[in-house]
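Protein chains: 2
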Amino acid sequence: MTYCVGLKLNAGLVLLSDTRTNAGLDNIACYRKMYTFEEPGERVVVVMTAGSLSVTQTTLARLAEAIDDEMADETTSIMKAQTMLQVASIIGHTLSRTRREIVEQMREFNQQASASMIVAGQRKGGDMRMFLIYPEGNFIEATDDTPFLQIGEHKYGKPILDRVVTPATSMADAQKAVLLSMDSTLRSNLSVGMPLDLAVIEKDACAITSKRRILEGDPDFMEMSAAWSAALRDSFVKVSI
Amino acid sequence: MTYCVGLKLNAGLVLLSDTRTNAGLDNIACYRKMYTFEEPGERVVVVMTAGSLSVTQTTLARLAEAIDDEMADETTSIMKAQTMLQVASIIGHTLSRTRREIVEQMREFNQQASASMIVAGQRKGGDMRMFLIYPEGNFIEATDDTPFLQIGEHKYGKPILDRVVTPATSMADAQKAVLLSMDSTLRSNLSVGMPLDLAVIEKDACAITSKRRILEGDPDFMEMSAAWSAALRDSFVKVSI
Chain A
109 MTYCVGLKLN AGLVLLSDTR TNAGLDNIAC YRKMYTFEEP GERVVVVMTA GSLSVTQTTL
169 ARLAEAIDDE MADETTSIMK AQTMLQVASI IGHTLSRTRR EIVEQMREFN QQASASMIVA
229 GQRKGGDMRM FLIYPEGNFI EATDDTPFLQ IGEHKYGKPI LDRVVTPATS MADAQKAVLL
289 SMDSTLRSNL SVGMPLDLAV IEKDACAITS KRRILEGDPD FMEMSAAWSA ALRDSFVKVS
349 I
Chain B
109 MTYCVGLKLN AGLVLLSDTR TNAGLDNIAC YRKMYTFEEP GERVVVVMTA GSLSVTQTTL
169 ARLAEAIDDE MADETTSIMK AQTMLQVASI IGHTLSRTRR EIVEQMREFN QQASASMIVA
229 GQRKGGDMRM FLIYPEGNFI EATDDTPFLQ IGEHKYGKPI LDRVVTPATS MADAQKAVLL
289 SMDSTLRSNL SVGMPLDLAV IEKDACAITS KRRILEGDPD FMEMSAAWSA ALRDSFVKVS
349 I
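From first to last, the protein sequence lines stand for chains A and B. Taken in order, the first sequence gives residues 109 to 349; the numbers are from our numbering. Taken in order, the second sequence gives residues 109 to 349; the numbers are from our numbering.
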C-alpha cells in the first residue's frame with residue numbers, strides 16, 4: 109500500500125508521501141510516489157500516487173511525454189494548461205485511459221488494477237489548488253472545510269489531522285502534522301514504509317519552496333516520533349475517566 | 109460498520125463495543141453488539157459481533173437456544189463447554205454454519221453476508237482467554253505479544269492501543285485506552301456510533317465485574333474526550349521537528 113497526504117492552507121501547500129511498494133508481503137520495494145513539475149515563478153505541480161505501480165508509472169510517463177512533445181498544447185501538457193483545473197483534468201483523463209488499457213490486458217487473468225492521485229499546485233496569477241483524482245478520472249478538491257486530502261492507507265493517520273489542521277495552520281505546524289500522521293501510519297501498518305518525500309510550496313511562490321527526502325533512521329524524524337510517543341503517553345496519564 | 113475492541117491483561121478482560129448498524133447511510137439503527145453469558149463464580153463469556161446483522165443475530169439466537177436446550181452437551185452449549193477453547197470452537201462452528209446458509213439464500217441476488225466476533229471469558233479453574241473468530245469459523249487468540257483484538261473499523265483506534273497497551277496495563281488505564289481508541293474512531297467514521305457498551309471482567313472472578321452503557325452526551329465520556337483532544341493539541345504544540 110501507500111500513504112500520501114496533502115494539506116492546502118492559507119500559507120501554502122504541504123505534501124508528504126511514503127515510498128513502499130509491495131506485491132504481496134514478500135516482495136517489497138522502494139519507489140518514489142511524489143513527482144514534481146515546475147517552471148519556477150510561473151508554475152508548480154506536484155503529483156502523488158497510490159495504487160498499481162504499472163498504472164501510476166505509465167500515467168506519469170505519458171504526462172512527461174506530453175510535456176516534452178513539441179506538438180502538445182494546453183489540453184494535453186500539464187505545463188501548458190491554463191488553469192490548475194485543466195491540469196487535474198488532463199491527469200484524470202490520462203489516468204483513467206491508462207487504467208482502462210491495463211485492466212483490459214489483465215481481464216483474462218481476472219485481476220484488477222487501480223490507482224488514485226493527489227495533484228496540487230499553482231499557476232502564476234491563479235489560486236493554489238489541490239485535487240484528489242479517482243481511478244475513473246473524476247476528482248474532488250480540497251476546501252476550507254476539508255483542507256487535507258489523503259490516498260492509500262488513510263485511516264491510521266486521520267485522527268491527528270482531524271484534530272489539529274485548519275486552513276490557518278502555519279507551514280511549520282503543517283509539516284509537523286503530516287509527519288505525525290505518517291508516523292502513526294508507519295507504526296500500525298507494515299505496507300507503508302520509509303523513506304519519505306516531503307515537499308513544501310509557499311503561497312504565490314509558484315515553485316517548490318523546499319523538498320526533502322527523509323531516510324530511515326533520520327535523527328530529526330526519530331526524535332520527533334519519540335517525543336510524540338512520550339507526549340501521547342503523558343497525555344494518556346493526565347486524562348481521567 | 110462497527111467497532112469492537114477487547115483487551116486481555118494480567119489483571120483481567122476489558123471489552124468495548126459501539127451500537128451502530130447501518131444498511132446504507134440513510135438507514136441507521138442502534139443494536140447491541142455485546143452479549144454476556146454468565147454463571148457467576150463458575151463461568152463468564154462475552155461475545156462482541158461485527159458484520160451482517162442477520163448473520164450475527166441468528167448465530168447468537170442459535171447459541172442461546174443451545175444453552176436452553178436440555179439435551180445440549182459440552183459440544184453444543186457454551187455454558188457446558190469444558191474450556192474456553194471449546195467455547196470458541198462452538199461459536200466458530202455456529203457462525204460459519206449460519207453464514208453459509210445465509211450466503212446460500214442470497215446467492216441468486218449476488219449479495220454477500222459475513223460476520224466476525226470477539227469471544228472472551230474464563231471458566232473456574234481455567235485461564236482467561238480471548239479469541240477473534242473469523243467468518244469461516246477459524247480463530248486466533250490474544251497473547252502477551254498482542255494483548256488486544258479488534259473487529260470492524262479497527263484502523264482509526266489502533267495507534268493509541270499500539271502505544272499504551274501492554275499485558276501489565278491496569279484495569280483503570282485499560283478502560284481509558286479502549287474509550288480513547290473508540291473516541292478516535294467515532295470522530296473519524298460516521299458508521300460507528302454511540303451509545304457504547306463497556307464490560308470489565310476481573311481475573312478469576314468468573315463473572316462480569318462491571319458493565320455499563322455509555323449514552324450519547326454522557327458527561328464523563330464527553331469530558332474525557334475533550335480533555336484528550338486538548339492534551340493532544342498541547343502535545344502537538346510541544347513536539348518540535
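Fair warning: there could be bad hints in the mix.
Identical chains share a label here; the pair holds if one copy fits it or two copies do between them.
[To be verified] Below, in silico cross-link-like pairs of lysine-lysine (DSBU-like), each with a Cα-Cα straight-line distance of 30 Å or less:
| id | residue 1 | residue 2 |
| --- | --- | --- |
| 1 | K346 | K232 |
| 2 | K188 | K346 |
| 3 | K346 | K319 |
| 4 | K346 | K311 |
Hints were generated in silico from the structure; no laboratory data involved. Source: prediction; values computed, not measured.
task = Would you pick out the hints that fail for this structure and give their numbers low to high?
result = Failing hints, ascending: 1 and 2.
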